[in-house]
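Now that you have both chains on their own, put them together as the hints suggest.
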Amino acid sequence: MAIDKNSAVENARNDLARRLNVNAADIKEKSVEDDDFPDMALGAAEDGEMSGQMITGGWRIKLEAQGKTYEYRADKNQVRAFNFKGKNYRI
Amino acid sequence: MNRNNFFIHLALALVLVLVAAFAGQLSRWRKQWRSHMGPIPATEKKRATTSEEIALTETRSFGRPEILVKFKSGVSQETIERLTAQRHDRVEDRIENVDGLDAIDDLDNADAATVVSEYQQLPEVEYAEPNFEIELDAAEPLVPVLPHDPQFTDQWALSNSGQRGGKQGADISATLAWATTTGSDKVVVAVLDSGVDYTHEDLVENMWVRPASMAPYHDNELGTIDDENGFNAIDTASDPMDENGHGTHCAGIIGAEGENDIGIAGVNWKVKIMPLKFMNAGGFGTTKDAIEAINYVIDRKKAGVNVRIISASWGSTQRSRALEDAIRKAYENDILFVAAAGNSTVNNDRNPHFPSSYNVPNVVSVAALDRNDQLAKFSNWGAKSVAIAAPGVDILSTWLGNAYEEKSGTSMATPVVSGVAALILAEHPRMSVDELKKKLLASTDPIVALKGKTVTGGRINAAKAVE
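Protein sequences appear in the order of chains V and E. Quick note on this note's numbering: the first sequence kicks off at 33 and runs consecutively. Quick note on this note's numbering: the second sequence kicks off at 658 and runs consecutively.
These aren't lab readings, by the way, just hints derived from the structure by calculation. Among the hints, a few may not be true.
Claimed, not checked - Computed spacing ranges between beta-carbons, pair by pair:
no., chain 1, residue 1, chain 2, residue 2, range
1, E, P1086, V, D66, 43 to 49 Å
2, V, D66, E, T974, 22 to 28 Å
3, E, K1041, V, D66, 35 to 41 Å
4, E, T974, V, I123, 19 to 25 Å
5, V, T101, E, E1124, 52 to 58 Å
In this text, a Cβ means the ideal position worked out from N, Cα and C, and glycines have one as well.
This is chain E alone, in the form it adopts within the complex (with noise of 0.2 Å):
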């Protein structure tokens, strides 16, 4: 390259940089003059004044193509392109499905509406509409539900009012769970303990009684037993009715009767209660007894009872193979086990308690909580190994002779997590074990005590469970 023709086109260069820079101007000039000066004469673009305009304006956002026009079968993609232009519009993307349909973007960022209004009136489009931003549906806000059971007023559990000196809100949400259900008599629930009272009258219409088309329990070993009314693995010649009152307690938190007029209501005011004693009049049991009612509740899942739930409220320090075997057995049968993480103080990941210290996919080990969101004074907590927290101090429920009694401990807390469990199970009777513990772990509200104490740091949240 010569000395000349290097400045000639050093020249041209300049020229060129210049063009450009003017044009980038001019086309801020004009964005600027739209945006102070508000609507433009002629075919110019309106602001959304409607409140449906608004409303479409408020939905847009930058980035995507503001609307979706359908032209009508002929036209061309050179009279698409030269319609887009002649209006400062590009087309963003066609739709090959389609025919004819296309996302168009309004390079000068007017609102949708009068876009579309504007692909509307146009005789080659078919339909124009905004490209509407696909949004959740606001869920319409629930409305507590309150059951008009005489006692319902101290079961902060259910419904914390602050009363007796607790938190406002320190529940589980029930009232608002119940305007998605309020349980089903479909589901069973087993609830492995001191037997129950089946008799109660806040209790005998959610018992389950062995139907009579079902024939009465065998066992090879045991013979046959009249299971009526449940199982008594202490004496399969009796009935299990319960002689101490913890398995009748425990019971009425999973389920009594609710807006019957009487007592209490349970997290279920319809299920099913499944009695299972293994526990005696003084609230103890042997481990082989729970291992042949685990062993009775897996039978009846196989005879066609929908017994999806193993309350257990108890347990040791003392691990047992064969038990753990047994409700791994429960697990292959789609049975969930939610079981006490146990009085002591203790953190169970360094000394666990037995049986929620079982690494069983289908074990839920429940803490206590108190009527103001604390972990309870005696409550055993484990980061890795207590799964959830539940209210279990001062529950009142059943107790023997029609009675009711305030009691505490993670026992109190363990029926509770059953009972939502048995919501979940109303709304989603197909839903696995495993997708169970999955809802139920992830139905919690954090706890500032829970921080570190166990696996979700929250306490059960029912309305979220049965969402």
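One chain only, chain V, in its complex shape (with noise of 0.2 Å):
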């Protein structure tokens, strides 16, 4: 089923939460912009993913909890959490 805006900004404020272990209200949406991403794995590769170098449209999500702010990508199939922690996970 494919994902649209809103059901990805809530799958990202939800894997924020378990990740912090914290309480996914006292996660703030920072920002939510469309954006295109250099590749169809969102420039936000897991080790050893391979992905197609097509630009693709998607969603760039900037949350904030404890005082740092988080970044998610998201296009209609699927969410990924950016540079967390210095590794990229697919949720």
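Have a look at this one:
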């Protein structure tokens, strides 16, 4: 099922809450912007993952928790945590 | 030497110098008189007047004998030298292996046609002919071939007429290449991607199908797999139907059927696309599945399928020795591996992108150009690590459900180069992978924006590639 912008933000918020072990309600939505990403893993490939090198439209989601900003990237197919503690995750 | 003898010798030397100087001046006068006075009487030469004669004159160059004369059998060398001396000519060379054949130089620099005519009239001569300057045949100018596929006018990569603000001629000269070849269904290109919608109406005729005479694929670990329509490394029990669209797009660039009055034309109008699926509906996949698919291609090549190219419009920044080894194995099996340089606007010489940056002889790394011959704003580059560039922005091609979409990326530039490689093989089927890569890299148009950015500094030119 295709992911829309709202469900992408919701997925990202829940994922961050789990990773930080905080309440999802304590995570603030800083920005959600349409953007083009360099590949089909949205420029956030996991280890050992290969992706199509096609410019892919999606959303750049920035969330704030515990005084820090965290970035997620999403499109209709996926939501990814970008550079969370130095690594990317597909959620 | 006494004083008197000294003066006698000095006088003699002065006389000799004066004689030599006078003889030289005489020769110069003779030449000037010839050149200023035109034709000279009696046995003298005339200038070329007919077009044929003028043509002969124009091909003549100083410093080489102007005619070749075959004297009849039995004519002595003494006689030959006498005849040439009488005409103020000289024997420049004797062709030892052909009796009586001499290369003769006219010391007056008359035109070859006249000299030939003179010698032909001699009873001692069997034949005489000009020493033609051998030149490459002037190639017939190619006439562009335009397909009637209705959306061809939107395919700026193949024929850029300046549509939508583009630069006229900033294309791969496909229409000129098609005057030589439009491809061959004997050439199989493996599209290692998200699969291919092999039912697309603009692709269906150009899809590879396992021949009935060939047994289904068998792998010791994977078991027997029905690969009638290609190979699915994600789920070997399924066929390689595309669920994303990316692989179908790449396949259309290589080989959407041309001149079928439907949609677009591929770089090849005729070819066989072998779908290999290792990326899922999201457009990403694992290194292990990519390796499985490459292994499948090699096995099918060994089984007799003429699969000579793997088109790889994917990658990452993570190096995998296992993937590199699989690509090297493909090289050892005479298979070219064309790979996307990546879309992160970085220099691959410093920040390598894989598989395009593997130092394996069959890898061709491809950067993307826009419709104005500029490096695409997203494209990676590399003076040492990126071989060549091809159009990769707003590229129209096939999509899921008999649709067509415009997409951008080095993903789109890569199948352009794969397609040109297939055209080359259509024309030169026995070409080795080394020769094929060399030919590709020698078939570019230099682009200012690519200077110092790629190995070749040029955009692929299909017409040059199939010459």
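Verification of the supplied hints:
In this structure the hint that P1086/E and D66/V lie 43 to 49 Å apart at CB holds, the actual value being about 48 Å. Between D66/V and T974/E the CB atoms are about 25 Å apart, so this pair conforms to the stated range of 22 to 28 Å. Taking 35 to 41 Å as the suggested C-beta distance range, the pair K1041/E and D66/V conforms, at roughly 36 Å. At about 21 Å, the CB distance of T974/E to I123/V agrees with the hint of 19 to 25 Å.
Checked against the given bound of 52 to 58 Å, the beta carbons of T101/V and E1124/E, roughly 56 Å apart, stay inside it.
Comparing the model with each numbered hint stated earlier shows that all of them hold.
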